[in-house]
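**Q** Fit chain B to the supplied structure of chain A, relying on the hints for placement.
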Amino acid sequence: MAIKQLSIFVENKPGRLAEITNALSQKNIDIRALSIADTTDFGILRLIVDNPAQAESILKEDGFTVSQTDVIAIGLVDRPGQLAKALSVLQNAGVGVEYMYAFVSREDGTAAVIFRVENSALAEANLAKEGFEILSKEDVCKL
Amino acid sequence: MIYNPDMETMNRADMEKLQLERLKRIVRYCYDNVKLYHDRFDSIGLDPDKFKTLSDIQYIPPTTKEDLKNNYPFGMFAVPKKEIVRIHASSGTTGKPTVVGYTRNDLNMWSEIMARLCVAAGATEEDVAQIAFGYGLFTGALGLHYGLERLGAMVVPTSSGNTEKNLMLMKDFGVTLLIATPTYALYMGELAKELGYKKEDFKLRIGMFGSEGCTVEMRSKIEEVLGLFATDNYGMSELIGPGVSGECIYREGLHIAEDHFLIEILDSNTLEEKPEGEAGEVVVTTLTKECIPLLRYRTRDISRMNKQPCKCGRTSARMDKIMGRSDDMLIVKGVNVFPSQIESVLLPIEQIGNNYMIYVTKEGYSDALEVKVELIDASLLTKYSELENLTRHIRGKLRATLGIDAKVNLVEPKSIEQFTGKAKRVVDLRNK
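Residue numbers (the working numbering), protein chains in the order written: chain A, 646 to 788; chain B, 1256 to 1687.
Keep in mind that the hints were calculated from the coordinates and are not lab data. There's no promise every hint is true.
Lysine to aspartate or glutamate pairs mimicking EDC-like chemistry, simulated, CA-CA at most 20 angstroms apart [said to hold, decoys possible]: (1) B:K1448 with A:D683; (2) B:K1638 with A:D686; (3) A:K672 with A:D695; (4) B:K1669 with A:E664; (5) B:K1617 with A:D686; (6) B:K1669 with A:D695; (7) B:K1638 with A:E664; (8) A:K649 with B:D1632; (9) B:K1448 with A:E706; (10) B:K1448 with B:D1427; (11) B:K1576 with B:E1531.
With the rest of the complex left out, here is chain B:
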């Protein structure tokens, strides 16, 4: 099923024509309505009416999270307050959050692209959809909420937390579609097992997981414990929230809502465009947003693009699962380390739990990487050497994947914090 065949199966030439029209309009709109863009264009003598091809976008200086921070809270808004009907904000862990606003048309567009994405993942109006994302300023919950309502599914807005009740309702209401962060979904599955639920107690069919990265290993674990088909979707509050792209049932990349978002894959250092298929930073231009239009927004996320049509019939360009956020990337002993690489090593190891923490410290002048994992296999306690073998095994696998040595620390079960929203698994203790 395709929710909006006109847009999702449009041939490339027509799509690019549509994107160019919209790009021209949004550039002019930004210049006229957002001071930052007006000043920036003037300072480099860029004429907002001289855009002839899509590749002319390269002349626009990129927008960064700093720009949003410097204009906190409403400085980047292109419309007067009376036209704004909703505010959201990023989960920003330190300092002020990044604030975004929505006009009625923005909410409309958001609901539309979310509905597309839900259908792509296999959802229908028959589904009972439980949203176990935290409701509030966070875009995840309300984004899915509006999209699923648009589609006509039965929405159960439980929010995250109070997991026992979440599970009870999941069973009693016959929930078929689960929305959560991958970390929380996995926790729900584990707790369900502990509480004595069986997979047959639930009618779960599909999981739509997002707001944090999800490795294929993590996805398999979730599918195993919950007995559903898990899909990944992508977005960020600055751009709209979830809905920018998402997987169809073939899971060969995330279909981009190209009529609303123009995505470039650029080299993070030179800002030059990467050839199709090569990994680089995802840079997004919103083509239709009214309240907070962004030109060439640097997401810091690393991915690849594929413009070939998909088996599902959609012609939209697809991006790979996010390989890492360049902000999340750790440089340890001069080596680039993505937490997702560590996760893909740890999750398949059966003797340890699914929760882990990563610590980076300074030992003398050198960096040290330490990984904490929970020991759950009691049969290893017979012999001390079995525990040593386990840590040696994990260490060896980490070294093979990361190229550097990591200390592996076994800790007691449930001693690592259980996250219900975005997991924060990296603690960098250098420079402290």
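Only chain A is shown next, with the shape it has when bound in the complex:
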């Protein structure tokens, strides 16, 4: 049950992130999680939003290079050792993690971790087998 993440190419120049987030907020797109990897010249902004298809077309219209990427999300109890355990499951299953990022929900004390892996289906099957909660798009939006 992979979920869609937006990947946006962003040049390192002042105001670009503000422009992206403004464009999305004007159309009431809610950002649930984000991560940015950058070098000296450019970065890739990764966003989990409530309506990825609409967000993609908004940004495309504004001239951004943007695509949707499949990622998986799992819910963790916010306690030491949980992430380590999830990562060992992936390691034992032979699934490599390309990148990941996490966010914590204050209300119910859970954490959500977004993984980009080489094989989403295999990763999900193994994590589910070990009792990890696989989050759907709706789950992520509710957090």
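**A** The following block gives chain B in isolation, referenced to the frame of chain A:
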């Protein structure tokens, strides 16, 4: 089709005889009417009546752009003002422009050689020709305009800019022949696609592109987006404007209007003539111009000459597509780099856009070359390493072509300026 078979298919011996007659006359004419030539001939004791063969031209000191600048605006004119019916000027980006004038006969000759060139490219009186060059002092638009009218085509003088309207008219008027800079033609094609036009919406047949160099890679891109047959032509305002030479449908070199222009290919440093087929600087003598005749004008453009008759039936000597302008040539880390080489590497790469910029900077005591390209392939965003692979790939290709390393910078789509006239893609930040 050949517009003027007498001139365009004349055998070499007759052509050279005609050129010699005209050379003798123009040399005397320059000596009598242009102070610069009079003084220059006298200062080296050159007798304007002693020209016996075409190769005697080597005794004439070359004319340079500096000469025109020093005589701004009308100092090189050979006729009184009342005989001048038109003024044009170069697009000179810095300082004063280079000013050129035309007598009625000059305009007549210009229209004639432009009409020849349009026919060589495949145009007929049936064509609907849209001129998307900027009208004004720039010679491109009016040169093609008069030539196409002479031919009898239906001329649509839209000028460049307001591209959406240009496209609308292109469709509504059933335009078959497009005149533009290569950069602008490509932009028109891309915008057409974006606006939802299909190639079938247009009746385009032929493109006549000029005023800036056009690599074969660029030409293929334009043909692909606009669905036409693209030809290249050459000229410069100092000489007349476009019309000096242009491609026929075989595109194996640009046919020179030899009855009006005598072209030499010289070594830029020694000014010695290069053997036929070797690349060198294009040096042009105008054989018939009245207002501003030029003897051995150094164009700074690099090309090769081929005097073999062409498959199209024309016997006129042909020059290669301009390989570069020696003024455009960058010397980076001691290596000669032509922007056209960079363009030929970048355009075939599908993951990036057609616009690019070249920066030369100084890092410490060493030169650095940087190329900016627009990332358009969103599928590469899945993995960071895909972007790194792309820049590495471009870098490798540049190194293979140029022989030096260049930094490749990916930027967002449409963040590089879109040029509607001559593109200015090189920024040299050294000495600043």
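**Q** Now tell me if each hint is right for this structure.
**A** We went through each hint and held it up to the structure:
1. B:K1448 with A:D683: violated (32 angstroms)
2. B:K1638 with A:D686: holds (17 angstroms)
3. A:K672 with A:D695: holds (12 angstroms)
4. B:K1669 with A:E664: holds (15 angstroms)
5. B:K1617 with A:D686: Between B:K1617 and A:D686 the Cα gap is close to 18 angstroms, so the pair holds against 20 angstroms.
6. B:K1669 with A:D695: Judged against 20 angstroms, a Cα distance of about 28 angstroms means the pair is violated.
7. B:K1638 with A:E664: violated (23 angstroms)
8. A:K649 with B:D1632: The hint holds at about 18 angstroms.
9. B:K1448 with A:E706: The hint holds at about 14 angstroms.
10. B:K1448 with B:D1427: Cα-Cα ~16 angstroms, so holds.
11. B:K1576 with B:E1531: Roughly 15 angstroms between the alpha carbons, so the hint for B:K1576 and B:E1531 holds.
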